[in-house]
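Residue numbers (the working numbering), protein chains in the order written: chain A, 14 to 330; chain B, 568 to 890.
Mixed in with the good hints, there may be bad ones.
Going by beta-carbon spacing under 8 Å, a handful of chain A positions derived as facing chain B [stated by the list, open to error]:
no.	residue
1	V134
2	A142
3	M143
4	F146
5	M247
6	G249
7	Y252
8	I274
9	G306
10	L320
Derived lysine to any residue pairs resembling SDA-like cross-links, with alpha carbons at most 25 Å apart [said to hold, decoys possible]:
no.	chain 1	residue 1	chain 2	residue 2
11	A	K133	B	L835
12	A	K133	B	T840
13	A	K133	B	V601
14	B	K696	A	L322
15	A	K17	B	A784
16	A	K133	B	V870
17	A	K133	B	K696
18	A	K133	B	R595
In case anyone wonders, no lab produced these hints; they're calculated from the structure.
Fair warning: this is a prediction, and the values are worked out from it, not measured in the lab.
Heads up, the beta-carbon is just placed ideally off N, CA and C, and yes, glycines get one too.
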Amino acid sequence: MSPKARIMTILRSRPFLTLLVVAAVWIVASLATRGFGAFGHLRYLVELAAVIGLVAAGQTFVVVAGGIDLSVAAIVTVAAVGLPLVSSSADPTGLSAILIVLAMTTAIGLVNGLGVAYLKVHPMIMTLAMATFLQGLLIIIAGGSAVSVQNPLVGWLGNARPAGIPAGVLLWVVISALVLFVMHATPFGARIFAIGANPRAAELSGVPVPATTIAIYGISGLTAGLAGVLVLGMNGQGYVGIGDPYLLASIAAVVLGGTSILGGLGTYAGTIPGSILLVTITALITVVNASPGWRSILFGSLILGLLLLSGREAARR
Amino acid sequence: MSAVPSTSGQHSGRLYWPVQAGRNVGVRGLFAVVLAFIVAYGFLFPGLFTMSGFAKFTQSWFPLALVAMAQALLMLTGGISLAIGATVSLGAVIAATTMVGPLGVAGGSALVAAAGLGIGAITGFIVVKLRLPAIVVTLAGSFIIGGAALLILPRPGGAMPEWLSDLLAGNTPAAFLLLVAIVLLWKLYLATPLGLSLYAAGENPVGAYRSGVPVDAARIAAYALSGLLSTGAGLFVAAQTGSGDPVIGAAFTLNSIAAAVLGGIGFLGGQGTMRGALAGSLLLSLMISVMFFLGFTPVAQYVAQGLIIIGAVALPQFRKVQR
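Just chain A, same shape as in the assembly:
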């Protein structure tokens, strides 16, 4: 491919187009509202986008493989509520608690994967039922009250700004690089796309479909758990329902970024600007001082409008 053709491909690619939309919205909003374009505000937006981006990382894997994970919100809550409970004063760094929680959320994801791969339960039912199950469990464990955390590492993650960049954003950058590498430069990544495009063909070509499926849902549990740790650090408190906004957000970010909800097509490079776009929309809606009803209508309509611009399926032949 000649350099010129390569540049044209990048310019026409969905991730780049989503990035352009984000840039356009930022420029227009900065001109229209005072303070929107300030560095501190934009940095804050990216910090918020990091949480969605982390949840959407696992969701991208699952959606590319032709599934969907509706339990991510519950998993974020499990991590945010569970971490204060497993934090002990014996470990001054707080690392052990984070590792325990991440192991826990990964295990939840693996159970999702087991159900989908071996029991052949449809992903939507498996993950919805898992979310229902976790919701009940969380209320039993945590009750209705908020739990605050005394964990140095979690606090650092949520509040520290080495070199002016929030630690959460740094975490997101690292995870993004990892995800992009795994997705596009490893055999495992290639298998995910194969399963999403045509599971039977993938199976017949020797792809270990069940093992790969289980791993994908495990990854989704892991990244949702990371997002839960980050959101806990930013909030200082965990409570039941803290993860709820991230279900729609993660799916919308994936779809806005150009990944097909039918599987087999897409990239995390699109989900990244998709997450930032979503946060920007939410911020703009907050600026427009409207009642909760209107805010909800505006949010839904904007997502629908953006979908019309970007998320259309191919025509029937």
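Given the coordinates of chain A, work out where chain B should sit on it, guided by the hints.
Chain B only, in chain A's frame:
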């Protein structure tokens, strides 16, 4: 085929019942489980077999049956809706704000029906004609519809005419009779061209389209009817509680999908029967009631419900693998 005489008009009647029986094959196990649950329920709560006990039980089942039908209708055409709960809420708040006003019950019911049909038709149009994925459209739609419900009634309130509440949620089995009527209407709908196209549009849209089946119209009609059933369920819930609540329908989204899947409706379209979905909703409703009578806390009900749904969906698959 030679065994079938050419004068098919008079023999199609003879074929009707075997065909119907054939459709029961996939859901026979489900029917048995439902029967077992009814026996268990009757044992725990002997009042079930009195008139008022039966009325109360069918009333707790009725809204779930409607949303299960609404979801099954969509899943049969290869669609799905994550906005059922929000639509139920909208139906409830419209009913609770209009029926005691100048519009009266007739006007209020007409508004509820129009809202359901309209929302469904718009959703269907976006999904079918603009070719957007149904999951995402209805997820975004649930925000818009839920927002509209909040605008109409920001906090629980409103009122329903007392006689309507007594009629629908009193000691008469009006809800059950209404359900029977709706099932009969569904049978009639299946005999219309749009109804006949329903399964074809879900099973093999491309093939159906090439054979001249109005695929797009059938799918949009399915969304519209699904909206109507959802707001209808909302009206009933409002009559049950005597007031409107803008978030009362939230649980119906998951429960409608669970009921349809328990009833053997497939996600890919064209697989399953409405009687299965109804049995699935009855099973779910029985499960919730039985757990209530066994003294499960609402929280434990969540946990048990999650487990039972996975088990019920996984079990038939498991048997298939072993064979």
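To test your reading of the hints: which numbers does this structure violate? Of the numbered hints given earlier, those the structure breaks are 5, 6, 7, 15 and 17, listed in rising order.
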